[in-house]
Amino acid sequence: MQPETMMNTSASTRMILFLLFGLFTGGLFSCAKESSLVQPDVKSGSLARFVVHQGYLYSLNHHEVITFAVQADGVPLLVDRLPLDYGLETIIVYEGLVYVGARTGLYILDIAQPGKPVMLSRTERSQSLLGGCDPVVVRDSFAFSTVKIINTICGQTNVRSALLVYQVADPTAPEEVGQYDLDEPNGLGYKGDVLFVCDEGSDRVVLLDIADPRFVKLLDIEVPIEDPIDLIIHGERMVVATRTAFQFYDIQDIQDIRPLGTISK
Amino acid sequence: MLGSLFSCTKTDFSFYSGPGQRPVYVDLASARMIGNEPPRPVIRGGTIVLQDSLLFQLDYGQGIHVSDVSDPANPLALTFIHIPAITAFTLDGGFLYADNWRDLVTLDITDLLQVVVLSRQENVFEPLMFPPQYSGIFECVDLSKGAVVGWEDADLIDARCQTDQ
Numbered sequence: 001m002q003p004e005t006m007m008n009t010s011a012s013t014r015m016i017l018f019l020l021f022g023l024f025t026g027g028l029f030s031c032a033k034e035s036s037l038v039q040p041d042v043k044s045g046s047l048a049r050f051v052v053h054q055g056y057l058y059s060l061n062h063h064e065v066i067t068f069a070v071q072a073d074g075v076p077l078l079v080d081r082l083p084l085d086y087g088l089e090t091i092i093v094y095e096g097l098v099y100v101g102a103r104t105g106l107y108i109l110d111i112a113q114p115g116k117p118v119m120l121s122r123t124e125r126s127q128s129l130l131g132g133c134d135p136v137v138v139r140d141s142f143a144f145s146t147v148k149i150i151n152t153i154c155g156q157t158n159v160r161s162a163l164l165v166y167q168v169a170d171p172t173a174p175e176e177v178g179q180y181d182l183d184e185p186n187g188l189g190y191k192g193d194v195l196f197v198c199d200e201g202s203d204r205v206v207l208l209d210i211a212d213p214r215f216v217k218l219l220d221i222e223v224p225i226e227d228p229i230d231l232i233i234h235g236e237r238m239v240v241a242t243r244t245a246f247q248f249y250d251i252q253d254i255q256d257i258r259p260l261g262t263i264s265k
Numbered sequence: 001m002l003g004s005l006f007s008c009t010k011t012d013f014s015f016y017s018g019p020g021q022r023p024v025y026v027d028l029a030s031a032r033m034i035g036n037e038p039p040r041p042v043i044r045g046g047t048i049v050l051q052d053s054l055l056f057q058l059d060y061g062q063g064i065h066v067s068d069v070s071d072p073a074n075p076l077a078l079t080f081i082h083i084p085a086i087t088a089f090t091l092d093g094g095f096l097y098a099d100n101w102r103d104l105v106t107l108d109i110t111d112l113l114q115v116v117v118l119s120r121q122e123n124v125f126e127p128l129m130f131p132p133q134y135s136g137i138f139e140c141v142d143l144s145k146g147a148v149v150g151w152e153d154a155d156l157i158d159a160r161c162q163t164d165q
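Protein sequence lines correspond, in order, to chains L and A.
First residue of the first sequence: 1, per this note's numbering; consecutive thereafter.
First residue of the second sequence: 1, per this note's numbering; consecutive thereafter.
Looking at chain L on its own, in the form it has when it is part of the complex (with noise of 0.2 Å):
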């Protein structure tokens, strides 16, 4: 089959696609993903603690992870609680592990048996870096997780918020390779070499250069935009939530970062 054959057949299937995503949702759907109807692609910030991966839901409690096996139906059926320090904050998948960042530090669960994770390792933090938020992406071996000052969390109190990086090649043994200090930061995302982090403290989304994780470099282009608190970045767009909206953003060149629409309330 010729390359325009194929483009033009993937261009009617999403079309018809389109047509019955219409027909459910009363057209609420502008564009439907190939992969099928009852798979829409689901992109979730990193302040998430709920996550769904191949029919099970994680779910964080303060101190344990519980796990549901979600049915045919949807209905989910609770089939393991694996407990944890207190303060799980964040979780996430990446290529078949599970990571939680918490208040103490970075865990990663295997869940080869889906319905029943197992702690691979616990990264513990330095006592001056103990504290909230804790969100956590996985790029190739290495995790890049934000610690966000708080004034006192469980009797712990920081005395400054970063950026941690962690070589992640063995998940049973992580090594934590870099600190970089933010005011405070909160959820982040990449793109490609490029790290976004919402800087909360300072108001702006941060970017820094992650071309080698062991020597992040903090770019001199910075996103304004009041108390960010989460982002997700799709393709070329990016979405950052904030206390009170969201607001999309063009970063097809991070030379030129354009905002675009913000919801109106």
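Calculated directly from the structure, the hints in this document are not laboratory data.
The beta-carbon is built from N, C-alpha and C at its ideal position, and this holds for glycine as well.
All the pointers check out, no bait thrown in.
Output of the computed footprint for chain L on chain A, the stretches with three or more beta carbons under 8 Å from beta carbons of chain L:
no. : region
1   : 43-53
2   : 63-74
3   : 83-91
4   : 103-112
5   : 120-133
Dock chain A against the given chain L, drawing on the hints supplied.
For chain A alone, coordinates are given in the frame of chain L:
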């Protein structure tokens, strides 16, 4: 298990009267009232989920704002899904999973403007017993008063809780 509920608070603090924070409750029957409401302002915005051209934003304690973002230059507020005492949610295959005080609820969001509660698992989660991102005196949570949907500044009388220092 109960110990962890209070691990961030002290309840043996001597009585205190003065400015601090107190819980905002709804009764347990009201806490279960989940459903669509007209779009409204975000009060305490949190994380977001993008599903195709729909954006879902958490509003702590209140629910989820849903917007049509098929044109990112002109997002359109569609609806607000009221889920009292919510702190987390995710989406998968036309279903929305959220915490609703101590319960896990599953919503069918096939018709976004008329979501349906499909199931409820009771007493799965432990509620947060102290004001998040706050340091100081607060009125202890009294679980007999219902579900905590937020915290507010108040002049406290005989408060007995404070965050650990």
